[in-house]
Amino acid sequence: MHKAMAAGSGAIISPEGYVITNHHVAGKVSRLTCRLADGEELDARLVGTDPLGDIAVIKLDLAGRKGKAGPLPVAAFGNSDEVRVGDTVMAMGSPSGVSQSVTLGIVSNTQLIMPELYWPGSFSLDGEDVGSLVRWIAHDAVIYGGNSGGPLININGEIIGINEIGLGSLGGAIPSNLAKDLAGQIIKNGKVSRSWIGLEVQPRLKSSTLDRGLLVSGVVKDSPADKAGLKSGDVLVSFDGTAVDGRLPEDIPKFNRLVLFAPIGKKVNVKVLRDSREKPFEIETVDRGMAKGRDVEFKAWGMTGRDLTMMAALESERAAEGVLVHSIRSGGPCNEAKPPLAPGDIITAVANQPVKNLADLGGITAKITEGKTEATPTIVEFDRKNLKMMTVVKVGKEPPPDKPAHARKAWLGVDTQVLTKELAGALDMKGQTGVRVTQVIPGKNAEKAGLKVGDIILKIDGTKIDATKPEDSEVFQNMIRQYPSDAEIALDIVRAGQPQQIKIPLELPPTPPSELKRYKDDDFEFVARDLSLSDKVSRKLSEDTRGVLIEKVERAGWASLAHLAIGDIVVSIDGRAVDGVDEMEKLMAQARQAKNKSIVFFVKRGIHTMFVELEPDWSSRKN
Amino acid sequence: MKRIIGLLFMFAAAGILPACAEQSGTPPAAATLPDVRQTANLRQEIDQAIGKAFPAIIRISVVA
Numbered sequence: 000m001h002k003a004m005a006a007g008s009g010a011i012i013s014p015e016g017y018v019i020t021n022h023h024v025a026g027k028v029s030r031l032t033c034r035l036a037d038g039e040e041l042d043a044r045l046v047g048t049d050p051l052g053d054i055a056v057i058k059l060d061l062a063g064r065k066g067k068a069g070p071l072p073v074a075a076f077g078n079s080d081e082v083r084v085g086d087t088v089m090a091m092g093s094p095s096g097v098s099q100s101v102t103l104g105i106v107s108n109t110q111l112i113m114p115e116l117y118w119p120g121s122f123s124l125d126g127e128d129v130g131s132l133v134r135w136i137a138h139d140a141v142i143y144g145g146n147s148g149g150p151l152i153n154i155n156g157e158i159i160g161i162n163e164i165g166l167g168s169l170g171g172a173i174p175s176n177l178a179k180d181l182a183g184q185i186i187k188n189g190k191v192s193r194s195w196i197g198l199e200v201q202p203r204l205k206s207s208t209l210d211r212g213l214l215v216s217g218v219v220k221d222s223p224a225d226k227a228g229l230k231s232g233d234v235l236v237s238f239d240g241t242a243v244d245g246r247l248p249e250d251i252p253k254f255n256r257l258v259l260f261a262p263i264g265k266k267v268n269v270k271v272l273r274d275s276r277e278k279p280f281e282i283e284t285v286d287r288g289m290a291k292g293r294d295v296e297f298k299a300w301g302m303t304g305r306d307l308t309m310m311a312a313l314e315s316e317r318a319a320e321g322v323l324v325h326s327i328r329s330g331g332p333c334n335e336a337k338p339p340l341a342p343g344d345i346i347t348a349v350a351n352q353p354v355k356n357l358a359d360l361g362g363i364t365a366k367i368t369e370g371k372t373e374a375t376p377t378i379v380e381f382d383r384k385n386l387k388m389m390t391v392v393k394v395g396k397e398p399p400p401d402k403p404a405h406a407r408k409a410w411l412g413v414d415t416q417v418l419t420k421e422l423a424g425a426l427d428m429k430g431q432t433g434v435r436v437t438q439v440i441p442g443k444n445a446e447k448a449g450l451k452v453g454d455i456i457l458k459i460d461g462t463k464i465d466a467t468k469p470e471d472s473e474v475f476q477n478m479i480r481q482y483p484s485d486a487e488i489a490l491d492i493v494r495a496g497q498p499q500q501i502k503i504p505l506e507l508p509p510t511p512p513s514e515l516k517r518y519k520d521d522d523f524e525f526v527a528r529d530l531s532l533s534d535k536v537s538r539k540l541s542e543d544t545r546g547v548l549i550e551k552v553e554r555a556g557w558a559s560l561a562h563l564a565i566g567d568i569v570v571s572i573d574g575r576a577v578d579g580v581d582e583m584e585k586l587m588a589q590a591r592q593a594k595n596k597s598i599v600f601f602v603k604r605g606i607h608t609m610f611v612e613l614e615p616d617w618s619s620r621k622n
Numbered sequence: 000m001k002r003i004i005g006l007l008f009m010f011a012a013a014g015i016l017p018a019c020a021e022q023s024g025t026p027p028a029a030a031t032l033p034d035v036r037q038t039a040n041l042r043q044e045i046d047q048a049i050g051k052a053f054p055a056i057i058r059i060s061v062v063a
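Chains as they are written, first to last, in numbering that gives the first Met the number 0: chain A, 0 to 622; chain B, 0 to 63.
Be aware that a few hints might be false.
[Claimed, not checked] The calculated lysine-lysine pairs, modelled on DSBU-like cross-linking and capped at a C-alpha distance of 35 Å, are: (1) B:Lys51 - A:Lys187; (2) A:Lys366 - B:Lys51; (3) A:Lys253 - B:Lys51.
[To be verified] Beta-carbon label-pair distances, calculated as ranges: (4) A:Lys187 - B:Asn40: 49 to 59 Å; (5) A:Ser207 - B:Gln43: 20 to 30 Å; (6) B:Asn40 - A:Ser168: 54 to 64 Å; (7) B:Asn40 - A:Lys230: 52 to 62 Å; (8) A:Lys551 - B:Asn40: 17 to 27 Å; (9) A:Asp60 - B:Gln43: 16 to 26 Å; (10) A:Asp37 - B:Asn40: 44 to 54 Å; (11) B:Asn40 - A:Arg64: 17 to 27 Å; (12) B:Asn40 - A:Gly63: 53 to 63 Å; (13) A:Glu314 - B:Gln47: 25 to 35 Å.
[Stated by the list, open to error] On the chain A side, residues computed to face chain B include the following (Cβ under 8 Å): (14) Pro72; (15) Leu103; (16) Ile105; (17) Ile154.
Hint data in this document are derived by calculation from the structure and do not stem from the laboratory. C-beta: ideal position from N, C-alpha, C; glycine also.
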């Protein structure tokens with residue numbers, strides 16, 4: 000699953016550590032870290048989230064506070080219904096992830112909507128049209144990316160909005176009365192429950208002669224409103240005893256709120272104008288649920304999937320059964336299936352067992368993969384729009400890619416450059432061909448035999464080295480490779496203008512980096528490998544240097560969050576020396592078992608050394 | 000009318016007198032005092048508001 004790091008803002012709203020912020024900041028995260036105004040850092044967990052209102056509540060891990068910490072500062076809510084155009088307001092938060100910022104402005108509009116002219120297609124979050132519920136408080140206190148979730152406060156220091164959007168130089172904040180209500184539901188129930196009746200409305204047409212009511216633009220088939228007998232063209236004038244009116248687009252969210260916040264299962268009386276007569280209807284509200292389910296990763300499949308919610312099922316005109324494929328990992332089992340699965344497919348059965356939801360798919364997957372070390376070909380039935388399709392997916396561990404081992408041939412521990420015609424002329428060796436030694440690998444036979452940087456090698460066992468151009472750089476090493484690895488060769492060289500001959504026993508080359516042992520840590524999301532000779536030589540490390548080289552660090556993984564970097568050499572873990580990846584694997588397994596709160600790598604990075612503190616979140620560990 | 004006079008007072012306080020004010024003979028010195036007081040009050044109110052809310056504002060870093 001793709002990961003990303005981001006930053007937003009929030010406000011502490013209770014001494015217990017509840018924090019209000021935006022859904023688009025914290026609603027779909029695997030890890031949350033909060034920095035308080037005084038610099039104190041605390042982990043937090045998601046309590047619940049509401050994409051439609053773009054409000055989320057997180058809870059600070061107060062157990063992680065240091066002993067001397069005092070009570071949490073708490074911000075109070077004001078009454079957003081009392082906000083007036085021209086009121087002085089301040090936006091607080093962390094734009095662009097800066098520590099903290101306050102900007103000053105005035106309220107410019109108390110009922111901001113996104114006009115269709117400039118915002119075609121609405122402002123949608125996880126399939127929810129936020130503008131159908133929210134009329135923002137617009138203001139000119141400067142906000143920027145990162146202010147999201149931070150409060151807009153009035154001159155009394157009270158929260159009157161939660162900053163969410165920016166329209167040019169105007170900011171838009173979710174009114175605090177709405178935000179407070181949503182946050183309260185999330186704290187109490189972990190979610191926001193809403194009613195739905197399947198009625199779609201729009202402002203009265205300009206040509207309408209009516210002076211009240213909202214035009215019913217559509218009624219979803221088999222919805223409560225449909226069952227009650229409402230039709231397109233009706234003009235709704237009252238809902239649950241409250242008069243409704245709709246002349247402007249700004250009036251729509253107000254009506255939507257009436258419906259969404261009506262108790263679920265309530266029989267609501269509505270009145271409509273039909274054929275110039277007022278007609279009463281009774282509609283029983285139902286639980287609306289979310290527009291889209293939450294993504295769940297299935298590593299054994301190389302995909303993420305979602306439950307089909309009632310709203311998603313309605314949109315796709317099907318029953319709310321199956322698992323909706325949301326994303327596919329390139330090269331993963333679903334991607335490699337023939338035919339491959341694709342985002343938008345709906346998995347309906349696996350291994351001849353019906354799949355109604357994520358729980359079903361998880362259970363079947365566990366059975367398929369239990370005790371297996373290799374992938375299992377599995378029949379999968381899925382719907383692709385109107386097509387009923389089948390495929391075979393190899394569910395389970397993917398085999399490591401084949402890496403052909405290089406044939407081990409004779410090797411001489413030197414690096415060379417071609418003695419070009421120009422170079423030969425400059426060194427008074429006109430007409431000579433060969434190579435110049437640029438590096439002698441420490442501790443190897445070439446060094447032991449006395450070969451030095453600057454030596455010009457002209458012949459091997461009396462055979463001229465026919466290298467005159469930069470493109471001939473492989474000629475010398477290719478000649479060496481023709482020998483048995485235990486052969487001894489005689490090199491004719493020129494050192495400081497004097498010809499000499501040196502005898503050197505050849506040897507086997509060191510293991511190339513591609514063939515060295517690797518360790519992949521799926522929890523911390525990095526790959527390390529043993530140090531190669533070339534690593535040591537290129538970094539000027541002594542031959543007896545111990546450690547492992549970090550070869551890959553997944554973005555936003557625990558290792559990445561601790562700023563472990565590609566090329567780092569891990570010298571020790573929690574004070575214990577790491578000689579190679581076997582040792583690292585052992586130490587990491589111990590840390591995993593002990594569920595250590597932090598693991599400290601001592602690393603070498605260039606000429607620098609540093610301690611890198613990895614802070615795993617074992618509670619979010621994936622199986 | 001009151002609003003126009005108020006605007007003129009603000010301009011006067013900032014040392015900017017529109018041509019019409021000069022022509023109408025509005026005394027600029029009389030306008031400075033209330034505006035200075037208003038500025039001081041606003042600063043005080045902002046300080047108080049920041050003092051109440053700012054300590055409760057946090058930066059949230061997320062891995063999504």
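May I ask which of the numbered hints given earlier this structure violates, with the numbers listed in increasing order?
-> Going through the list in order, the structure violates hints 2, 4, 5, 6, 8, 9, 10, 11, 12, 13 and 16 and respects the others.
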